[in-house]
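Sequences listed follow chains L and Y, in order.
For the first sequence, position 317 (counting from the first letter as 1) is numbered 638 according to this note's numbering, and the numbering increases by one without interruption.
For the second sequence, position 286 (counting from the first letter as 1) is numbered 607 according to this note's numbering, and the numbering increases by one without interruption.
Don't take each hint at face value.
To be verified - The calculated lysine to any residue pairs, modelled on SDA-like cross-linking and capped at a C-alpha distance of 25 Å, are:
#1 L:K657 - Y:C416
#2 L:K657 - Y:K547
#3 L:K657 - Y:P450
#4 Y:K657 - L:Y460
#5 L:K513 - L:V495
#6 Y:K547 - Y:R510
#7 Y:K513 - Y:P500
#8 L:K657 - L:A626
#9 L:K657 - Y:A433
#10 Y:K657 - L:R465
#11 Y:K657 - L:A443
#12 L:K657 - L:G625
#13 L:K657 - Y:R510
#14 Y:K657 - L:E413
What the hints assert, rightly or not - Covered by chain L, per the in silico footprint, the following chain Y stretches (three or more residues, Cβ under 8 Å):
#15 329-339
#16 602-610
#17 638-651
To be clear, the hints were calculated from the coordinates, so they are not data collected in a lab.
Positions of the beta carbon are idealized from the N, C-alpha and C atoms, including for glycine.
There are 2 protein chains.
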Amino acid sequence: MSDVRDLSTPCAVLDLDVMQANIDRVADHATRLDVHLRPHLKTPKSLPVAERLLARQARGATVSTLLEAEYFADGGVRDLLYANPLVPAKVERFCALNDGAGEVIGITDSAAAAQALAERAASLGRVLPMLVEIDVDGYRAGVRPGSEEFEAMVGTLQASPALELRGIMSYAGVSYHTPPDDRAALAERHRKALVDCASALEARGLACPIRSFGSTPAFMRAASMKGITEVRGGIYVFQDLFQAGIEACNQSDIALTVATTVIGVQPSHNRVIVDAGGLALSKDRSTQGHPFDCRFGWVCDDTGAVLPDVWVEVVHQEMGVITHRLDAPLDFERLKIGTVLRVQPNHADMTAAAYEGYHLVRGGQVEGFWPRINGW
Amino acid sequence: MSDVRDLSTPCAVLDLDVMQANIDRVADHATRLDVHLRPHLKTPKSLPVAERLLARQARGATVSTLLEAEYFADGGVRDLLYANPLVPAKVERFCALNDGAGEVIGITDSAAAAQALAERAASLGRVLPMLVEIDVDGYRAGVRPGSEEFEAMVGTLQASPALELRGIMSYAGVSYHTPPDDRAALAERHRKALVDCASALEARGLACPIRSFGSTPAFMRAASMKGITEVRGGIYVFQDLFQAGIEACNQSDIALTVATTVIGVQPSHNRVIVDAGGLALSKDRSTQGHPFDCRFGWVCDDTGAVLPDVWVEVVHQEMGVITHRLDAPLDFERLKIGTVLRVQPNHADMTAAAYEGYHLVRGGQVEGFWPRINGW
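For reference, chain L alone in the conformation it holds in the complex (with noise of 0.2 Å):
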């Protein structure tokens, strides 16, 4: 065991209580409503994080590229959603993984994607399991139920023997910019839109065994979900400053830090420099514009305590401008040239994505190490 202060800084550091807890929160809220979980591992992309977000109420996970699905499935995650359109410039791989002992299904939301897929897949030989994505509220993907275009891909989906229809699903990002007193509103939507179009496929006579609910601000604040089979969410599992910011966690829910030491002093400027920059925290700006507008990333001491109204106001590629968002006069005492920080991240999927992997820490003490993956 290691403290903090003697990582080698920039690096990423994970609370495993606060992590565990995420997890529990959301664990406990699917039980209470029935429903399975089935966790979308962009944001930690890692097994280890992976096993403890499949040991609650899990059956499944979500992944959001081709190499996640690759790396879990090698890790023996045995049921996986592939979560964005499949194109047919990409079936060969999905099919290599469909070859090892677990299943990966794909998705389309488009008549001419489902056209594609089904003559790439006839002419390998194969046949793509495949949920559709509906469009509920125009936010992002998705083709809406009952619209010609939907028609068009029911109709490819009906037609052709190398496309398996598995279910559909919805993504209530929304969620991200609707109030949190509205968002059970929002899940209500999103459930009845899911569960009225599976009704109406199953009537024309095709399965519907998936229906996919995706979002875990709404989720938190949904009532039901009946008729779901269930939920993807991911960012819960390490929340940050965004996430606070929208009221779907608090502050210290934040499992996700990155250790920084202070590199350079100047009270004349009322600044501290650190060495963790845009490449370390990112350059998310996700809470700007928002009341709990955090720049590019919220101060914490080594133990993970916040220093009030302390942040990273302005990064370069290798080092972070600390100042007092108030411009009340820093505490110079405590930060000292070699004084090691943690930095709360705006978004912790991005903020990630620059480390090979987490150092766990439990009441500050760094309990080991845990690897993630990076690319495509």
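Given chain L, put chain Y in place with the hints provided.
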């Protein structure tokens, strides 16, 4: 040889001819001004790119992390400047580098840091070759010549046999906020500050053989580098939309792009979804608020030809949303499912860091792959 359209996306694509023209342009200017370059390798982080940079009017190289120093030293680069303030916790790793065939010089910009470094080096029985960073315009780091802090630091350097002064440096990073026509005066201010400071130090018996000037946009407008021994610059090797926006290059000088595939088509929303999102492009928004605001990147076809006014307006983790800047209808005939596009980045340093290397292209043909390193 293969075609850009056959690459597995997202991936980084480097146009070799454009890159070489960027290298030559800066080297030619350095030759005219009779000064050497010390190229900053934090942008490419790739040995083959470094070799092209070092082949033209260069003497030594600059790095921003000790990992870069180790990588390039292993690759045979013999004279490195580690241009982030050195702190005691990194002294052992720094010294290990100096046990190799080459030399790495550190920097310091405070009396407290210099004192702590001197003590650490003395306890290890080592002598650290150091530059002092001077502050010319209060931009980020450095200490103002003649200030109390400067005098204390010089006193420490004179009194500490464990620190060996090699010279001074400054960074004219304020050039990024200085109109092009004012950059000649900025460069002259830094040149004069460096020369005056070096003279003052030498008058006190402190040899100051290195006088290192930084910032390419300022350098490229400079009329003289008299008395300067080296110029540090990095981003010019790849260029990016921010550099184009401040008129430090033309958009056609951008050598680094991200290849991406259309995975969704939504004519009813006049938008297209690609497989390059925040992780593939970075969340850098350097161009935000500029007259040349490029959102998350400018879209080109697979040959690198710009699609006028087509940009990546929004990014999610693994998806980019392409729209038309002026809301004119997109040409969906050129943006079908599976189409490979290339996106020019806001900030090449940040975008390149998502990748393990560069696919090399000349005239649309892929000629090979050069690796790069990431991390710390």
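Tested hints:
1. L:K657 - Y:C416: Within the cut-off at roughly 23 Å; holds.
2. L:K657 - Y:K547: violated (38 Å)
3. L:K657 - Y:P450: OK: K657 of chain L and P450 of chain Y at ~23 Å, within 25 Å.
4. Y:K657 - L:Y460: holds (20 Å)
5. L:K513 - L:V495: holds (16 Å)
6. Y:K547 - Y:R510: Holds, because 12 Å separates the two Cα atoms, which is no more than 25 Å.
7. Y:K513 - Y:P500: With Cα atoms ~20 Å apart, K513 of chain Y and P500 of chain Y stay inside 25 Å; holds.
8. L:K657 - L:A626: Holds. K657 of chain L to A626 of chain L sits at ~17 Å (cutoff 25 Å).
9. L:K657 - Y:A433: Roughly 9 Å separates the two Cα atoms, so the pair holds.
10. Y:K657 - L:R465: holds (20 Å)
11. Y:K657 - L:A443: holds (21 Å)
12. L:K657 - L:G625: holds (17 Å)
13. L:K657 - Y:R510: Cα-Cα ~31 Å, so violated.
14. Y:K657 - L:E413: holds (20 Å)
15. 329-339: Holds: 4 residues of the stretch 329-339 of chain Y have a Cβ under 8 Å from chain L.
16. 602-610: holds (count 4)
17. 638-651: holds (count 4)
Comparing the model with each earlier hint shows violations of hints 2, 13; every other hint is respected.
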